[in-house]
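Using the hints, put the two standalone chains together into the complex.
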Amino acid sequence: MDTLINDLRERLGARIINDKLETGQVTIEVNAADLTEVCLILRDDEALAFNQLTDLCGVDYLSYGKADWETQDTTRTGFSRGVSQGVYIDTQDIENRFAVVYHLLSLQHNRRLRVRSFISGQPAKIASVTPIWAGANWFEREAFDLFGILFEEHPDLRRILTDYGFRGHPFRKDFPLEGNVEVRYDPEQGRVVYQPVTIKNRVLVPKTIRHDNRYAKPGQNHGG
Amino acid sequence: MPEIHNMTMNFGPQHPAAHGVLRLVLEMDGEVIERADPHIGLLHRGTEKLAESKPYNQSIGYMDRLDYVSMMCNEHAYVLAIEKLLGVTPPIRARYIRVMFDEITRVLNHLMWLGAHGLDIGAMSMFLYCFREREDLMDVYEAVSGTRMHATYYRPGGVYRDLPAEMPAYQVTANRSKAEVKKINSNRRGSLLDFIADFTDRFPDRIDEYETLLTDNRIWKQRTVGIGVVSPERAIELGFTGPMLRGSGVEWDLRRKQPYEVYDQLDFAIPVGVNGDCYDRYLVRVEEMRQSNAIIRQCVDWLRNNPGPVIVDDHKLVPPRRETMKDDMESLIHHFKLFTEGYCVPPGEVYACVEHPKGEFGIYLVSDGANKPYRLKVRAPGFVHLSSLNEMVQGHMLADVVAVLGTQDIVFGEVDR
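Line by line, the protein sequences give chains F and D. 221 is the number that the working numbering gives to position 64 of the first sequence; each next residue is one higher, with no gaps. 280 is the number that the working numbering gives to position 235 of the second sequence; each next residue is one higher, with no gaps.
Any given hint might turn out to be false.
Each computed BS3-like pair below joins lysine-lysine, with the alpha-carbon atoms no more than 25 Å apart [stated by the list, open to error]:
(1) D/Lys302 / F/Lys223
(2) D/Lys361 / D/Lys371
(3) D/Lys94 / F/Lys223
(4) D/Lys94 / D/Lys371
(5) F/Lys177 / F/Lys357
(6) F/Lys223 / D/Lys371
(7) F/Lys177 / D/Lys302
(8) F/Lys223 / D/Lys382
(9) D/Lys99 / D/Lys382
(10) D/Lys94 / F/Lys282
(11) D/Lys371 / D/Lys382
(12) F/Lys357 / D/Lys302
(13) D/Lys99 / D/Lys302
(14) D/Lys361 / D/Lys382
(15) F/Lys357 / D/Lys371
(16) F/Lys177 / F/Lys223
Hints in this document: simulated from the structure, not taken from any laboratory.
Chain D with its partners taken away, still in its complex shape (with noise of 0.2 Å):
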């Protein structure tokens, strides 16, 4: 009989399960995984050492490019470490927009996952159904800061400007006909406000659909019950946050837990799983969604009845307005001084978190005294679930290592920064 022998093997970084460019060298015994050892950093780009050289409000562009599905949520830790070393509050009417962004930055994220740990796992059609929602969240993203994903949007003291009036719509092209024209843009006749209302309504059924070809699929259910289970005490230990320690039943939620912006003014349940395995992770983002939605739904309405600046007035901080530099000299040395030099952070240390789509997504920011940061840690959730990731594999099969990949909801510019 012929000695069989272990084999490593190489998985990445060019590979389209590896979420990115994740190098994993894998210990099998036959098909049954050994030990998993990740090779990370293919993506590192110095943000933090970046961060040192710049004036802090530089930066925000480079948060978006950190976790690139859920950009606006690490614009927002980035700018409430800031918010608290200067002792800023931004007006209420900037922080319901806050929270707005971040829960449609939470669909999607989410829609993103889901899209893709579908496709990872044989499930091909909810990377189109996925997707079509997520093109309109993309437009509400454009209307608002000129870009799809890179938002650049969240401003210490606010946020960069007020919601645009009118939503933008399509135009009559060669390939487009006018009664199509009129068809696509029936839900952008009104404002911003009006445009993702409308979305609010529509994505409940949405959701459904996604539902009804998941949630009791047997192939689908095949693939992720029993997978990668993680006990709760072990996720705390591990330093498990977000839809990760949920899923393991751990009720824990910063939005709760620790309120910051108007969560603790708004009505929204926190999903918990109770196996710990791959399908309730996929069940805890699902209901996520809806919670998310209707989140949405009230920042809305409150929206809609409450005008107001959405920016502080203080121009030792914020730009003023264009139009008063024409005339007015004090304007223009602060406007010249902002966008030269900055401003000048007091002395300090400040750790700020959000509860970001994969997790509790920290900001640690050093400040002596300067225009930029002194030392700025960037807390990703996805490094630290993705050093579990040996633990969580071993004894599974080479096919639950990509299902385990995607419940982790990897993005590898969160986790090599």
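Next comes chain F alone, as it looks inside the complex (with noise of 0.2 Å):
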């Protein structure tokens, strides 16, 4: 794996911005300027030749280390009494909220690499590997549904998981679990129809981050 990083360095240079090496996987940062020549470096590039796209998907970086339940004073105060959202909300538009994550496969070097490029802006927008890897079609068109990422030069970016019509991003980090709108059988108008939703959604278990130390190892920081 230490020869990948390598290859990399030689290949890519100061289009790398962080690399690491972690639980025996190679990942590395890109800017989301220099995405199309990186890949193609890394298609084409003998040493590199990775051929396959296995994985394309987006993160929402938007509460990553927040946790809803504060546990570091506990014994001194006492745990507060509940938790009211479960999810932060905090639409201000961070600076490298959006990710792109890529995960490459070559068939002949068999190894992998997990490329990473954060998007500032907004909307936030990338240009499409679909020219490159021909697999990436519909997992862009997946990030585009989920988060709200727009792929450039895409040839048919639609949505595609969620409904016809549907509004929002739903894996985004603020938009809530159980969703803005349910579904009804309306007896009167004879057909399906929209309304809000009534049912609230419950913390049962808080998310909750220790910093206790107890699983730590070294050479592990985070990944955002």
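Written out as structure tokens, the structure is:
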């Protein structure tokens, strides 16, 4: 795996902003502006030859590292009584909120690579890799549908998993888990209608982050 | 002469050959497909988003419901991802049990595929034959986990419990006489492993039966030979994995190339196709069943001779035994903490994949150090395969769409997630 990092450094040079080796997997981070160029090198260079795109997905880093429930001072103060929302609503456009993560596989060299590219700006926009790996087509449609990331020069950027006429991007961290609308059959109109959602999300198990180093291992830092 | 227009046809979502809920919008020139536009998402349940709001172990059950004909393989990828982040290695016996159940699952999946694919393109009786053997394997699932399908059997650190020493047997009922029960219980007198061993003895003959019905069958060949041809280069570009890739002649199997668990200690072969058509993919899958059968047998022999723990002995991750909770405060606390808050996973990200019956099934997990995943992405092989449907059916007849859908082994639980 060290040879892979060296190969990458040699060929991509300064275009790698950050690289790391974690649980035996190499991750590199590149600028969104360099993406097409980097991907072409990754695919076409003989020593790299990442000829298959295994996976492509969006990640929303809006609430990364934020816990529902502070547990650091509990012995002194006790727990707070409950958790109202479960999600940190912070619709401020934070820098580098979205990232697109590409998982590449080289069948020739039998190695894998993870490429991450943070996107700044509103709306989030990044170059499509469908011309480079044909298999990216639906993955990009999915990331657009679920996160609202736009892929420039994608041949057919439509919603894929959500309903026809759906509003919003459900996998964003500020999209409520229970959704905004629900459907029911209306006997008077004789058809299925939409209405605002009537259920309320209950957080049964709060998200907690503990810094007691129970599982911490050297050389691990966060991904975002 | 009347002017002839192209026709747009709607296929599904409620169509028996759509393998669930697929809506296809087909642009036809007469009976020839010009363009196929699959509309998916009718079974989208937001599994990945739901997992973000639950402690890690509570999402294992969701994994069964992704590809609901190969349940334990889905769980496997998920627990592997967690184990990689935690840095936990399960005991050797647990790894053999997992491999055995992965292969049982592969046989289950391929039987379902063979039956449904046969039914789709006119081989009615295949479905009945395949379900006969599936029944035995479902009983194995039930014996080990309590449920026939959604097992939730794998855990980070091992498996939920050891294999039962007794195979559950049929009881005498109002419509099942004593003599009949005695007959159907003949291979259920020993342990679960005895029952599985008996199955592996019987199964190769059963595969011969299927092959007698199909392999040289003229109608079967007319429906599958030369249909949905994909070249090896194109298969790689499109992201094909598993039997879809091997059917095109690319020898790529994660069990061999990037071995996980104990696959490097087992003896099995990787079948590949030549022409990359539906018929070759059929041959590949049938041969895979034979190879899986051989792997199951090797695991049974190993498991018979090597008792031991099946899950790690770390109560920060695995609940303590129930008996110890009665008089041990520490155990009670561990139990309470695990079933309320769960365990925290160190910050980081990991991609873990297994050779799923349908291809490469991967889990990409991002953790920010909490007791819940920050982001979970399921890399479903069926999603990638279905995305190439348009390319595979172009220029074929309408009836061939069904053959191509069948050969892709589509299950909507994993495509829509």
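For each hint, the structure was consulted:
no.	hint	result
1	D/Lys302 / F/Lys223	39 Å, violated
2	D/Lys361 / D/Lys371	18 Å, holds
3	D/Lys94 / F/Lys223	17 Å, holds
4	D/Lys94 / D/Lys371	37 Å, violated
5	F/Lys177 / F/Lys357	41 Å, violated
6	F/Lys223 / D/Lys371	36 Å, violated
7	F/Lys177 / D/Lys302	23 Å, holds
8	F/Lys223 / D/Lys382	21 Å, holds
9	D/Lys99 / D/Lys382	14 Å, holds
10	D/Lys94 / F/Lys282	22 Å, holds
11	D/Lys371 / D/Lys382	16 Å, holds
12	F/Lys357 / D/Lys302	47 Å, violated
13	D/Lys99 / D/Lys302	34 Å, violated
14	D/Lys361 / D/Lys382	9 Å, holds
15	F/Lys357 / D/Lys371	37 Å, violated
16	F/Lys177 / F/Lys223	23 Å, holds
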